[in-house]
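Student: Fit chain S to the given chain D structure using the hints.
Listed in order, the protein sequences are those of chains D and S.
If you read the first sequence in our numbering, its first letter stands for residue 8, the second for the next number, and so on.
If you read the second sequence in our numbering, its first letter stands for residue 26, the second for the next number, and so on.
The set of hints was computed from the structure by calculation and includes no laboratory data.
Even glycine gets a Cβ: it sits at the ideal position worked out from N, Cα and C.
Hints may contain errors.
[Stated by the list, open to error] Taking beta-carbon pairs under 10 Å as the criterion, some of the chain S residues facing chain D (in silico):
#1 THR134
#2 GLU141
#3 VAL148
[Unchecked claim] Derived lysine to any residue pairs resembling SDA-like cross-links, with alpha carbons at most 20 Å apart:
#4 LYS338/D <-> LEU242/D
#5 LYS338/D <-> ALA140/S
#6 LYS324/D <-> SER237/D
#7 LYS324/D <-> THR151/S
#8 LYS324/D <-> GLU150/S
[To be verified] Computed list of chain S residues with no C-beta within reach of chain D, every gap over 12 Å:
#9 GLY72
#10 ALA181
#11 LEU206
#12 GLY213
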Amino acid sequence: MKTAAVALLGVLLAWSEPASAYLKYTVRAGAVSLPVTWSGPVRYFVNDASTVPGVSVAAFDDAVARAFAAWEAVPTASVRYEPGGLTSARPLDDDGRSTLGFMAAPELDRVLASTSLLVDDASGEIVEADIFFNSAFEWSVAPAGEAGRFDLESIAVHEIGHLSGLGHSALGETEMVAGGRRLIAAESVMFPIAFPPGNIVDRTLKPDDVAGISDLYPDAGFAAETGSLSGLVTLDDAGVFGAHVVAFSPATGALVGGFSLTEDGQFSIGGLSPGVYVVRVEPLDDADPESFFAGDPLDVSTDFRVRFYDRLVPVPKGADSGLITVRLEHK
Amino acid sequence: MTRPSIVLAACLLIAAWPRSARAQDRDGRSAIEFRRFDLAVGGGWSGGVSYGAQPAAETPASGPQPFHLFTTSSRLDAAAEIAAAFGVRLTRRIEAEAFASFARPALQTAIRGGAEGGGDPTVGETLRRLAISAGLRVPIRLRPGAGVEPFVAAGAGYLRELHEGGTLVEGGGTAHAGAGLRIVPAKGRAGLRVDLRLVLRRGGAALDRGTHVHPAAAAYLLVRF
Numbered sequence: 008m009k010t011a012a013v014a015l016l017g018v019l020l021a022w023s024e025p026a027s028a029y030l031k032y033t034v035r036a037g038a039v040s041l042p043v044t045w046s047g048p049v050r051y052f053v054n055d056a057s058t059v060p061g062v063s064v065a066a067f068d069d070a071v072a073r074a075f076a077a078w079e080a081v082p083t084a085s086v087r088y089e090p091g092g093l094t095s096a097r098p099l100d101d102d103g104r105s106t107l108g109f110m111a112a113p114e115l116d117r118v119l120a121s122t123s124l125l126v127d128d129a130s131g132e133i134v135e136a137d138i139f140f141n142s143a144f145e146w147s148v149a150p151a152g153e154a155g156r157f158d159l160e161s162i163a164v165h166e167i168g169h170l171s172g173l174g175h176s177a178l179g180e181t182e183m184v185a186g187g188r189r190l191i192a193a194e195s196v197m198f199p200i201a202f203p204p205g206n207i208v209d210r211t212l213k214p215d216d217v218a219g220i221s222d223l224y225p226d227a228g229f230a231a232e233t234g235s236l237s238g239l240v241t242l243d244d245a246g247v248f249g250a251h252v253v254a255f256s257p258a259t260g261a262l263v264g265g266f267s268l269t270e271d272g273q274f275s276i277g278g279l280s281p282g283v284y285v286v287r288v289e290p291l292d293d294a295d296p297e298s299f300f301a302g303d304p305l306d307v308s309t310d311f312r313v314r315f316y317d318r319l320v321p322v323p324k325g326a327d328s329g330l331i332t333v334r335l336e337h338k
Numbered sequence: 026m027t028r029p030s031i032v033l034a035a036c037l038l039i040a041a042w043p044r045s046a047r048a049q050d051r052d053g054r055s056a057i058e059f060r061r062f063d064l065a066v067g068g069g070w071s072g073g074v075s076y077g078a079q080p081a082a083e084t085p086a087s088g089p090q091p092f093h094l095f096t097t098s099s100r101l102d103a104a105a106e107i108a109a110a111f112g113v114r115l116t117r118r119i120e121a122e123a124f125a126s127f128a129r130p131a132l133q134t135a136i137r138g139g140a141e142g143g144g145d146p147t148v149g150e151t152l153r154r155l156a157i158s159a160g161l162r163v164p165i166r167l168r169p170g171a172g173v174e175p176f177v178a179a180g181a182g183y184l185r186e187l188h189e190g191g192t193l194v195e196g197g198g199t200a201h202a203g204a205g206l207r208i209v210p211a212k213g214r215a216g217l218r219v220d221l222r223l224v225l226r227r228g229g230a231a232l233d234r235g236t237h238v239h240p241a242a243a244a245y246l247l248v249r250f
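Bound-form chain D, shown alone (with noise of 0.2 Å):
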């Protein structure tokens, strides 16, 4: 079997951006692109030969079982999660093992946490997955959260959203401040940087991530009970790659995002309520496009401003709202 690692994501300390949405990852098998997703249950296993202050192994297995189950309790979601138990084999080696622990890597300063996933290139199924912790930084498995200590179960949430096959959300804000970016909200775990330390917000989905991972996985009543809003993203008559586009309800306040993800600016949300939506599309213009995008990151367009569709777009059930087409205006 003929096996590529795809990713190497972490939540970022300083860094990256605004907006909305969930993003899955994809594998090019010729002229298809495919998912990336388990075929079965996800048996994971803990390490238990590296610790840090604070965290015992018993506290790391229970913290990132309450991780699994934040997505496994997800009602309109299939995906599953068997604890393997105990390993000594450590996290981003490639022993057909999905393992998560904490490594020193001192090196990677604003890495709180990464996951590398090795994936089938043909079918795109997800054949091993890893998460390390970086043991450089202060964590805590507190119930309430620790002052100066990052929450290991928020941050092993956002992982488990890349073991899953989910990338990055721009739903968030950030400012610049000396080295770097600084959070100053966020309405989605995937969102690339996090929330301060002690903060606990994250061990919570929030819709954007529901959709998303509803997507990947979804269970019987999915598709028949929530829908999707489609539609083109153009600038000058030629379609925007890379442009973010958010899907909020007035009815439920809910956000939940996509990208226009071809080079003609085609983008799909799915996972919607139905009701209608008003539809927000904006640039990545204040953070690294390789957060979100693989390849080459000029291809991202954000020369344009922000800009709301005119009208409400309804979004019915077990269907697509039709395309939509957003004209862009230059900044």
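Tutor: Okay, now just chain S, sitting in the frame of chain D:
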């Protein structure tokens, strides 16, 4: 009992009672001459309702106040409607009637305070609303032969709102109470009718899932038989 079944039950009730009504109204003391049925067709105006504000909020990294990417406020605009009513006199004092109306109100969402620009647009769509209801009408007796008959009325029913594109439909319930006038020349069969009502609605395309009250008015051409 579901709302559609309430409407159906009211219609069955109407069909079952006209015989006794005929007997009771032969005394000739109504303000206008007794007829068992009347059919009214006309047009009117249905008031708008506000669905309130909803921010596009993100969880803040510090502090209790959410970060607002932008805020929205939504409303269902007032709209003209076409309407029809069919009434059956049950007794000298009570009439039953069924209503139907159709309107194309605009659902509007105003976007304000974009944190990253985007202007302050108002975006919207046009709904197609069909409402049916059944109720009772009580004429207020004036001197016989006056030709003008005030009445009070109340009822309940069902509404169906179809969003633009025809792919999303939402149902809801209504109730109404109001008053009006029927103006029919003595011994005449045709006349006018005007209504003023307060309408309570729940569901449909209501973005806040709440219950709302709005005024409505209508004028009809009336035929009695």
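Student: The structure should be examined with respect to each hint, and the outcome stated for every one.
Tutor: Hints and how they fare:
{"no.": "1", "hint": "THR134", "result": "holds, 5 Å"}
{"no.": "2", "hint": "GLU141", "result": "holds, 5 Å"}
{"no.": "3", "hint": "VAL148", "result": "holds, 5 Å"}
{"no.": "4", "hint": "LYS338/D <-> LEU242/D", "result": "holds, 11 Å"}
{"no.": "5", "hint": "LYS338/D <-> ALA140/S", "result": "holds, 16 Å"}
{"no.": "6", "hint": "LYS324/D <-> SER237/D", "result": "holds, 14 Å"}
{"no.": "7", "hint": "LYS324/D <-> THR151/S", "result": "holds, 19 Å"}
{"no.": "8", "hint": "LYS324/D <-> GLU150/S", "result": "holds, 18 Å"}
{"no.": "9", "hint": "GLY72", "result": "holds, 21 Å"}
{"no.": "10", "hint": "ALA181", "result": "holds, 25 Å"}
{"no.": "11", "hint": "LEU206", "result": "holds, 39 Å"}
{"no.": "12", "hint": "GLY213", "result": "holds, 47 Å"}
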